[in-house]
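Q: We have chain A; now place chain B onto it with these hints.
Chains A and B are the protein sequences, given in the same order. Numbering follows the numbering used here, in which position 152 of the first sequence is assigned residue number 1193; successive positions increment by one, without gaps. Numbering follows the numbering used here, in which position 130 of the second sequence is assigned residue number 1171; successive positions increment by one, without gaps.
Among the clues, some could well be false.
No copy is singled out in the list; a pair is fine if it fits within one copy or between any two copies.
[What the hints assert, rightly or not] Only pairs whose alpha carbons sit at most 25 Å apart, straight line, appear in this in silico SDA-like list of lysine to any residue: (1) K1294 with N1158; (2) K1044 with Y1070; (3) K1272 with P1287; (4) K1173 with I1218.
By construction, these hints were calculated from the structure, which means they are not laboratory data.
Below, each chain spelled out in residue letters.
Protein chains: 2
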Amino acid sequence: MKKEVLIYTVSDSIGETSQKLIAAVTAQYPDIVFHNNYRFPFVNHEEQLIEILRDAIKDKAIVVSTLVNAQLAMSARNFAEKTGLQYIDLMNPFFEILQSKTGTTPIQQPGIVHKLNADYFNRISAIEFAVKYDDGKDPHGFAEADVVLLGISRTSKTPLSMYLANKSVKTANLPLIPEVPIPEIIYQLPKEKMFGLICAPEALVKIRQNRLQALGLNQDSNYSDIHRIEKELAYANELFKKLEIPVIDVTEKSIEESAFVIQEHLKKQSN
Amino acid sequence: MKKEVLIYTVSDSIGETSQKLIAAVTAQYPDIVFHNNYRFPFVNHEEQLIEILRDAIKDKAIVVSTLVNAQLAMSARNFAEKTGLQYIDLMNPFFEILQSKTGTTPIQQPGIVHKLNADYFNRISAIEFAVKYDDGKDPHGFAEADVVLLGISRTSKTPLSMYLANKSVKTANLPLIPEVPIPEIIYQLPKEKMFGLICAPEALVKIRQNRLQALGLNQDSNYSDIHRIEKELAYANELFKKLEIPVIDVTEKSIEESAFVIQEHLKKQSN
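Just chain A, same shape as in the assembly (with noise of 0.2 Å):
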């Protein structure tokens, strides 16, 4: 039988903060079954904290707050030392530091993270300026884009542009078909701002299986054959070639794997 383990998490904002963290430390345990949708936002007052974390001692469950009130985040790690409450403060060892090293302390206002400034804003548009030009919809985003990804189908163009834009980088992509010839703007572009995706054609085969049976269409469709596939990547490349830009290789990589690629090559180009 697994072992299983309850995480609890303790924020006077939405506690969004943890939630990746959380995400990285249960990755490295595979054996363990993590309950960790026991999240609990807006914890503005003491009684209502100690009440959350009497709870977590009667579930043996592991406390992870993010809380910035100074008071409150007290509160919590008297209560645990005093209980032996498994307790872990993910903000106060910074502040801490951060305190002995500038003598500023927090502003410790809830939820400033979310602050609509104009990074914010930004970001926003960014995420509407990817949707708006995924999928090459209109050749006019190509010009205005902080990056233009190049692939043929299921390269992963789509989510790694929704991705980068949630960076604030304004993604425009292009699908490639060999059929298709590609916008003359694209030629006219700065050779640093676009990318080519590829991917090894056994890996597109089963991609593009998947896609055609979840859509419920015949599975002996052209769209999944190796050696169409391999004629499309061939395409690609001499493409990618012509044009001198990056090539990555998105087969086994994950969407943060590929898009950390991009934002290296780009912090390159500024520096």
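A: Quick look at chain B alone, frame taken from chain A:
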């Protein structure tokens, strides 16, 4: 003059995990200028690690680690203790608690949080779904969606759809325009999966004016006229009442906060 703080991030994979936490911490110090683009990914050798840590001391930087390799993490901790380097390890406090609780050790596999498993592919297909069915482009999406967002122009339907999709929620949205009848299928959908979006009219005037400006269009348009907007909102509110669906006011809410409200509704329903 503003104080400046350098943050180094050290990871044995791409170093994505620490970014969100650092954003949340630094948001609490509006008066400090943070330089946190010193990102050191794929740190897999002790010499490489120590060299980075030495540079951090020279730069008076804070080092944030998400190293999952126990040997490397211990070297970094020892180095920090000897030298007084300001060092925060985000993973190991968790690992220690899990070790004491379950006797299980982490598999120490860098980057495994980006594993291409079923969850990952669900998320990717939710993102593709949301792009495909954005803006009511294809009414087939409404039946298949987990969530359908309804709202007049500029109530953040698109970014909210993308955010939910990134949480693996298949989201479609329908723009509401008083002069355009809504698709018949909307009346047949389970009302539990529909959400109405509204926004204060004064805020919408500003947002729409900005949009017109961004598009290089005449600012005196009907589109940003307060009477027109009030009429659209009245129409939307009446429809939401008829459909008996929850209404979310997105004024002054970030996408994360609006999404949180929706996720809480979904959670309540599934209980």
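Q: Run every hint past the structure and note whether it holds.
A: These are the hints, each one checked on the structure:
no.: 1; hint: K1294 with N1158; verdict: between (33 Å within a copy, 12 Å between copies)
no.: 2; hint: K1044 with Y1070; verdict: within (10 Å within a copy, 40 Å between copies)
no.: 3; hint: K1272 with P1287; verdict: within (20 Å within a copy, 51 Å between copies)
no.: 4; hint: K1173 with I1218; verdict: both (20 Å within a copy, 19 Å between copies)
The structure shown violates none of the earlier numbered hints.
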